[in-house]
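Chemist: Go ahead and model the full structure; you've got the sequences and the hints to work with.
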Amino acid sequence: MKFHIDSLYPLLYRLEERGWIKGTWVEKADERRRRLYKVTPEGRRVLAQQRKTGEAFVEAVRRVTGNEHA
Amino acid sequence: MRDWESHVRPRLSSLRLSPTREHEIVEELAQHLEDRWRELVAGGTPEDDAARLALAEFKEGNLLARYMAPLQQAQTPTPITPAAPTGHVLRDFWQDLRYALRMLRLNPAFRAVAFLAAAAFAVGIGAATSIYTVVNAVMLKPLPYGDGERFVAIFSAAVNDPEHYGSLSLRDAQTYQERTRVFDAFGWFRYAGQTLTFAGEPHRVEGVAVTPPLARQLGVDPILGQWFQDETGIVISAALWRRLGSDPAIVGKPLALDRRSYTVTGVMPDYFQLPVDGILSAGARADVWIPLDPSGRGEPEGGGVYFAYARRRADVTFAVAEVDVKRVAAEIAAADAANHAAYTARVFDLRTTVIKDIQPTLLLLLAAAALLFLISCANAAGLLLARSVAGARETAMRVALGANRSRLAAHYLAESLLIALLGAAAGIVMSLALTPGAVSMVAGYVPRADEIAVDWTVVSFAAGSAILASLLSSLAPLWQALRTAPAETLGRGARTSAGARSRRLSQGLVVGEIALACALLVVSATLISHLRNLSRTSAGLNADNVLTFVTNPPGLPAVPPPTADAQARPIPLQRRLVESLQAIAGVDAVAVANQLPLDGCCLGADIYPEGTAADLIAGQRTSVMAVSPDYFRAMGIPMRRGRLLNEIDVRSDPTVAVISESAAIRYWGDRDPIGTYGRFGNPGGARFQVVGVVGDVRNDGLGNPPVPDVYVLSALRRLETMNFVVRSARPVAALLPEIRRAVQSVDPELAIHDVASMRDIIQRSMTLERAASVLTTFFAFAALLLTTLGVYGIVSYFVRHRRAEIGTRMALGATSRSVLSLIVGGGVTMAALGVMVGSVLGLVAALLLARVFEIGNIAPVPFVSAAAIVGVVVLAASAVPAWRASRLSPAVAIRD
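Residue numbers (my numbering), protein chains in the order written: chain A, 1 to 70; chain B, 71 to 966.
I should point out that these hints are in silico values taken from the structure, not numbers from a laboratory. Since the model is a prediction, treat every value here as computed from it, not as a measurement. Treat each hint with caution, since some may be false.
As the list claims (entries may be wrong) - Facing chain A, from chain B, some residues (calculated, C-beta under 10 Å): (1) Q101; (2) L103; (3) L134.
From the three backbone atoms N, C-alpha and C, an ideal C-beta is built for every residue, glycine too.
Modeler: And the structure:
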């Protein structure tokens, strides 16, 4: 999967605003600080939920098209 | 690292990110680009190509902004930097308010100024609000009747005496009802009944007999039961119902009023009054209402004391109603001239009757509170002005950034509104604490006192005052700010720019404060000296060692019981009581009277000396005192001519009477009244012979001329209320139980009440004057305190600003003393100006006071003392900073 900067970061910020991920600035000696994102418990719950509906969607498409490579 | 940030930042510019957040995002994206670039360079791409590739991730110029636009963080409200108007007045003002709030939180200097100004506002708004709370309940709210604003009271009056008015006779009340055409409700009532017996227990009550239609037309429903349906019904007040044990099943139960049986038909709510507080009932509320037959059946013969209430039809104005009543009065006078000399009627809006006595006092206090309010505004304005001078650089910056006049005005208004609202909140709390104290000081003299409460009108009044206060107090700083030239101020620095202009403005404010405080002091000193003159006025009697109390003989019921011996009994009762009291050891004299001087004036009748033209003197108020023979000795009233009354006079025919000096002068002029005759009521009325003249008694208040007294023997008539006067040097605490025993040995059912020494009664007669002087003095000292703070503030402020100048003077040889006098001199100049203006204001106020409160002449003492107090206080307030200035080290002062 390849993200462009102008779609990746807005996506991250949106996920963060929804409380699904949380970004923190991490500082190391002799290095510029970096921002790391972690999935929050709420984010994990939503992910599990969406994975299930995602699977159901793939299954539905497979049955309609009879195609294994949906 | 390469400069990625300059590529990222423009792409975010269309978003409303907070500066911190924007900085973070720029940093994060720049880092991303840097990583990507390093990756490419490490893979062998030339540096410039790698940079181009990395930046190619921004596929389109505004894609990042478009993706981010829906995010919350891209919606941060514009930061508050009030300057140029945005075109939305309200939005600007809201922004200014928030800015002021933030300043309050973050800027300690502003917080200090705001705290002081809010305290000043709290004093001003609090005082105004607490007086308004009373004014609102007493004067502004409509009476608690259905269509209360349309009710009027009708009195009899004399054509040649605009001051006084009286009750109606039954026949006249009936005539008014029949012949007036402007009322849709009409009725009358009289006082009736004082001893109520319920479940075997006697209770002292105030009873009123009222015509049943009027009772219903007042539009107040009983909270239990209903109004009476027949002549045995009785309705009681909620207060009496509680006194009787709050029995929810009281309706239908029997009780007796003056030994006549009734059945309770209803309980009225607490707010119900009949009669309304005011002229007719000084503090005493009616507890029971019984029916009064409008046809007059069962009513005592001859006149009687009735009071009429009527409701104007909705389409009739008060003036029209008054004309109609006076027309009927003229008809009555024409039809029965003998009994109606100089007769007319007086109509009052019922609410006017409630507030008549207290209105001048309330208005005076409202005016005093208004002055205090103005002073608090000037005080706050001074503080805000000092701050705006100190903040001149900020103002200059705003003007340079495009703030126009209205934007600056909004800014100052927002600041002072915020402060004034805080002050108003504190003021409301203060008035909650202050009002009950002020009201209790005049307990019994404030009508509708139980309706006094903080309601939404009071809160809106406080909020309105806050808005007014903020408008007034933001004018000075605004005026100052509008004259700020940005280039000059920014160029020269704030310190030098304070300038003579703002100093003059601040001084003007302080002079105004001093003037208003001085005027308030003059008013309070005038009232104090008035009160002192009053209490030094001789009442015309010797009030020392005189104890009074009241007892009521079993009263005349509304309808006389079949076997009425009531007329016969009380006469021996009076004498038996007097004799029983006289037997107490240490009692020098005992007397009974129908009324006491200085305790509400006066039960009277017209008198007509024989041989004088009736028209000239008709209708002038006279007080008829029915007294027992020892009254003059008990009260210490001196005899002037002739003789006093004695027991044997009961049998003399015609009646003998003693008159006061003012009665002799008014009715007999230069003639000697002793031995001459006069008549009561009308030129053909009951005849009496004058046997003596006694000294005048100030029966209508110490400040008012005495109402002429005519004394007759109390044994000749039945007293509804027996006022006993006991002269004894023994202490009250020891005497009272013996008095109680003596009274009960005569009749165990007699209760004594309203025990008061004659001194108490005299003191009580000055209650309103005392309350007015105490409250205005309180306001005046609050004003003085604010003014002191104002003077202190301004003098120390200018000392601070003139440090360099003072240091230079001292370096050039000025002594501490000359510095001291330079600065104190400034204070003295302000004080002198303020006292001058204040004295003029005070003179106007004192002249008004003299007219309203019938103060004889305006003495110079209040003016001198007010000026002295203000002078001393201003001197003291400016001496402190002056002293500090005189101790400056020139080197330090100039260097700073």
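Chemist: All hints are to be evaluated individually against the structure, with a verdict given for each.
Modeler: Taking the hints in turn, this is what the structure says about them:
1. Q101: Because about 7 Å separates Q101 (chain B) from the closest Cβ in chain A, which is inside the 10 Å limit, the hint holds.
2. L103: At about 7 Å, which falls below the 10 Å cut-off, the nearest Cβ of chain A leaves the hint on L103 (chain B) intact, so it holds.
3. L134: Where the cut-off is 10 Å and the nearest Cβ of chain A is about 4 Å from L134 (chain B), the hint holds.
Of the numbered hints stated above, none is contradicted by the structure.
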